[in-house]
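So the chains spell out like this:
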Amino acid sequence: MSLLPKKKSDRTDSYPVLSLRDEVNRLFDDFFSGNWLGVPARGQWAPALDVSETDSQVIVKAEVPGMEAKDIDVSITGDVLTIKGEKKEETKKEEQNYHLMERRYGSFQRGISLPTSVDSSKVTASYGNGVLTITMEKKEHSKARNIRVKVE
Amino acid sequence: MAEKTGETKRNEPVRTPLVDIFETGEGIVLQFELPGIPKDSVKVDLDKDTLRVETTADCGKAAGGETLLREFDACNFTREFVLSRDLDREHIAASWSDGVLTLEVSKAAEAQPRKIPVTVS
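First to last, the protein sequences are chains A and B.
Residue numbers for the first sequence follow the numbering used here, beginning at 1 and rising by one.
Residue numbers for the second sequence follow the numbering used here, beginning at 1001 and rising by one.
In short, the hints are calculated from the structure, not lab data.
Just to be clear, a hint being listed does not mean it is correct.
Said to hold, decoys possible - With a cut-off of at most 30 angstroms between alpha-carbon atoms, the simulated DSS-like pairs for lysine-lysine come out as follows: (1) A:K84 to A:K70; (2) B:K1039 to A:K84; (3) B:K1107 to A:K88; (4) B:K1039 to A:K88; (5) B:K1043 to A:K88; (6) A:K139 to A:K70; (7) B:K1004 to B:K1048; (8) A:K87 to B:K1048.
What the hints assert, rightly or not - Here are a few chain A residues that sit away from chain B, every Cβ distance over 12 angstroms (derived from the structure): (9) F28; (10) R145; (11) K150; (12) V151.
For every residue, glycine included, the Cβ atom is placed at its ideal position computed from N, Cα and C.
Next comes chain A alone, as it looks inside the complex (with noise of 0.2 angstroms):
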């Protein structure tokens, strides 16, 4: 098993101190991350990911909204998964002035370690509604198997 932090326990909405906390959160975050006052420091950021495994399978999605299929670069090096890209400003918005800008543009890489082996040749990559998904088939020693347990 590789390092992946464990994954974050539900949390629900409904206790309004627990979205106060969020928020808290958020604005320390994205403080330190150099993104205070609602701007995101350019050509700074990372899409948000999913890693979820099957039995033969292990999906990766990214949150890429706004993006080009066709500006997004996926790469398998050894068990290293590296999604690269550029999220492109329209240039018209340049000059217009400003209310809110959240939105984070330019370029981006993120690499992760994969759980397993995969196979290489058999990935398939789609992008839809802005969600980047990746599928990956484990290598054949990689899946799960059942052992019977005999009773002697």
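Following the hints, complete the assembly by docking chain B onto the known chain A.
Same frame as chain A, but now just chain B:
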């Protein structure tokens, strides 16, 4: 244009979408990032001055399997803004592309910039 904050009445976790808001000569453009939401699940409501964007996607476990890493804290989004008085509530255009919802709200006729020609007599 101001953001309206407050408690959500929904009993499932929701996220606040990232938004760009900019002004053009004709009005205000709002762009919401709503990744992973099918177009049919995006709802835009205008109640008096409050413009509300809400998504109601079915967030059931998509593929099954074991989650190893989860950075999307919820699947649905909601966010509200209060429109200022100089915006025309009747003229709001919405478009959708690759997880981004764009709303264009026109300025009321009286708030449109007018060019006043100066003639030298």
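Hint by hint, work out which the structure violates, then give me just those numbers in ascending order. 8
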